[in-house]
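Here is how the chains run, residue by residue.
Protein chains: 2
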Amino acid sequence: MNVLWIFAHPEGRSLNAALRDEGLRALEESGHSYRVSDLYAMKWNPVVGHDDFDREPGERLLVASASQEAYETGRLSADIRAEQEKLAWADAIVLQFPMWWYGMPAILKGWFDRVLVKGLGYGIAAEDGTVLRYGDGKLTGKRGMVVTTIGARESSIGPRGVHGGLDDLLFPLHHGTFWYTGIAPLPPYAVLSADRLDDAGFAAAADGLRDRLRTLETAEPIPFRYQNRGDYDENLVLRGDLATGRTDLAVHLRG
Amino acid sequence: MNVLWIFAHPEGRSLNAALRDEGLRALEESGHSYRVSDLYAMKWNPVVGHDDFDREPGERLLVASASQEAYETGRLSADIRAEQEKLAWADAIVLQFPMWWYGMPAILKGWFDRVLVKGLGYGIAAEDGTVLRYGDGKLTGKRGMVVTTIGARESSIGPRGVHGGLDDLLFPLHHGTFWYTGIAPLPPYAVLSADRLDDAGFAAAADGLRDRLRTLETAEPIPFRYQNRGDYDENLVLRGDLATGRTDLAVHLRG
Chain U
1 MNVLWIFAHP EGRSLNAALR DEGLRALEES GHSYRVSDLY AMKWNPVVGH
51 DDFDREPGER LLVASASQEA YETGRLSADI RAEQEKLAWA DAIVLQFPMW
101 WYGMPAILKG WFDRVLVKGL GYGIAAEDGT VLRYGDGKLT GKRGMVVTTI
151 GARESSIGPR GVHGGLDDLL FPLHHGTFWY TGIAPLPPYA VLSADRLDDA
201 GFAAAADGLR DRLRTLETAE PIPFRYQNRG DYDENLVLRG DLATGRTDLA
251 VHLRG
Chain F
1 MNVLWIFAHP EGRSLNAALR DEGLRALEES GHSYRVSDLY AMKWNPVVGH
51 DDFDREPGER LLVASASQEA YETGRLSADI RAEQEKLAWA DAIVLQFPMW
101 WYGMPAILKG WFDRVLVKGL GYGIAAEDGT VLRYGDGKLT GKRGMVVTTI
151 GARESSIGPR GVHGGLDDLL FPLHHGTFWY TGIAPLPPYA VLSADRLDDA
201 GFAAAADGLR DRLRTLETAE PIPFRYQNRG DYDENLVLRG DLATGRTDLA
251 VHLRG
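Residue numbers (full-length UniProt numbering), protein chains in the order written: chain U, 1 to 255; chain F, 1 to 255.
Honestly, the hints are just simulated from the structure, not real lab data.
Hints may contain errors.
Note that identical chains are pooled: a pair holds if it fits in a single copy or bridges any two copies.
Unchecked claim - Computed list of lysine to any residue pairs in SDA-like fashion (alpha-carbon distance at most 20 Å, straight line): (1) Lys43 x Glu217; (2) Lys43 x Leu236; (3) Lys118 x Ala190; (4) Lys118 x Lys138; (5) Lys138 x Tyr40; (6) Lys86 x Arg210; (7) Lys138 x Glu234; (8) Lys43 x Asp199; (9) Lys138 x Asp211; (10) Lys118 x Leu15; (11) Lys118 x Ala243; (12) Lys43 x Ser77; (13) Lys43 x Ala17; (14) Lys43 x Gly141; (15) Lys86 x Thr130; (16) Lys43 x Asp128.
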């Protein structure tokens, strides 16, 4: 497989960087090809703006339509096009970041804000007008996996833990971003208590990561429901006979 | 009250900007003072880096400890100190943004990444060693309210809607950021179907916003549980006799 590894940590000598290097070695050993987007090293600009779409600074900017027009006419900025080209090349994306405020660092959030423009990430319709998203999209067929380090200890970020469960915290990314665009999200790989890891802890974390990367091609994705296969009604609400009476985010998993 | 209005939209002639202007007028009419952080206009840098902490580019960066040290010695970068000063001044924070990929635009996520340094936003302990967070923190006493525009229609982002419920999508911000640092989050104000709003729709959205701002000082916050008042056990897991058998994010609301 072709793997795009997106790395979002400011320090090249961090636990995160050491894990990344272990991960890339594991990919090589499994015969995969990889490319790396090291966002800090690239000085990636995460802020959507006029320059993205070849617009003058004073021009009125409607982000969705401007992004679609620039995408379709090849006028997106070169840094965005370069990432889109890597994304097109990749069969799988690994997204590695330290959890900051229960989400991605801004530099990584802005990768999605800028790269997944209208016409590529959203605003896509079939010939009959059906909106293609949540399972069906231009990125269908690709896989995505989060690798994250978290300061919290394991119990506190599990079900009923004070920080909320990891699946719920990552729902906007797994479901609202990956799955929305068609990318099948794999279960995340999280290193807990990451700021208190000793050598043995790092070795275990690296082992776990290598194990997970060995099954990058075969692991079962998180089984989110498809928007267009009958589970949601015409108001895009889950049918009453599915996960009846529940309103938690896991209702969006196929039963 | 003193209100800090943080605005994160690239276009000064947008629906969002018009709503902001309506909102600021409403604050004035209610006798509040306000200051605005217009992140795009300020060219706010959302990327945590060496410069934040007065560190040399080549120096090894441990974000948490570097941020705490710079905070405590007054060596944080001037742009971060200016935002911290506004935050200290404010009794309430209004956070206005278009929802992008089910979260904040990167420029706004990076406001939290950079401003809420260790020693101010996290890593705070009482004299007896108790970690102060989730209700108790340096920002306790302040209120926070999200004002957001969303392309999706109302049914699709409610409970059982295909996009997930708004409270769940905003949990990392409401609970994991606001409440974590002590800020009491008010229910969010969301303008749905925002990219298809006609004049009457805008007038209704502006009316709704003015109504919500009139009760900024008195509205009941989202009743998240306190970490340190007995609801969580020593592993930071919710006690078994509270919201028994449930694992949805609403278990973290006081019953």
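Results of checking the hints against the structure:
Proximity of lysine 43 and glutamate 217 under a CA criterion of 20 Å is satisfied in neither setting, with 30 Å inside one chain copy and 41 Å between copies. Neither within a single protomer nor between protomers do lysine 43 and leucine 236 lie at most 20 Å apart by alpha-carbon distance, with minima of 39 Å and 38 Å respectively. In the homo-oligomer, the alpha carbons of lysine 118 and alanine 190 never lie at most 20 Å apart, since the shortest distance is 31 Å inside one protomer and 22 Å across protomers. In the homo-oligomer, the alpha carbons of lysine 118 and lysine 138 lie at most 20 Å apart inside one protomer (11 Å), although the nearest pairing across protomers, at 41 Å, exceeds that limit.
With identical chains, the CA atoms of lysine 138 and tyrosine 40 are never at most 20 Å apart, being 27 Å at best within one copy and 30 Å at best between copies. In this assembly of identical chains, the alpha carbons of lysine 86 and arginine 210 never lie at most 20 Å apart, being 23 Å within a copy and 45 Å across copies at closest. Taking CA atoms no more than 20 Å apart as the test, lysine 138 paired with glutamate 234 passes in neither setting, with 23 Å inside one copy and 46 Å between copies. In this assembly of identical chains, the alpha carbons of lysine 43 and aspartate 199 never lie at most 20 Å apart, being 31 Å within a copy and 41 Å across copies at closest.
Neither within a single protomer nor between protomers do lysine 138 and aspartate 211 lie at most 20 Å apart by alpha-carbon distance, with minima of 29 Å and 41 Å respectively. Proximity of lysine 118 and leucine 15 under a CA criterion of 20 Å is satisfied inter-copy only: 19 Å between copies versus 35 Å inside one chain copy. In this assembly of identical chains, the alpha carbons of lysine 118 and alanine 243 never lie at most 20 Å apart, being 32 Å within a copy and 41 Å across copies at closest. Both within a single protomer and between protomers do lysine 43 and serine 77 lie at most 20 Å apart by alpha-carbon distance, with minima of 15 Å and 19 Å respectively.
With identical chains, the CA atoms of lysine 43 and alanine 17 are at most 20 Å apart within one copy only, with a shortest distance of 16 Å there and 29 Å across copies. Proximity of lysine 43 to glycine 141 under the C-alpha cut-off of 20 Å is found in neither arrangement, the shortest distances being 29 Å within a copy and 38 Å between copies. For the identical chains of this complex, lysine 86 and threonine 130 are neighbours neither inside a copy (28 Å) nor across copies (47 Å), given an alpha-carbon limit of 20 Å. In this assembly of identical chains, the alpha carbons of lysine 43 and aspartate 128 never lie at most 20 Å apart, being 42 Å within a copy and 42 Å across copies at closest.
Consistency note: the structure conflicts with the earlier hints numbered 1, 2, 3, 5, 6, 7, 8, 9, 11, 14, 15, 16.
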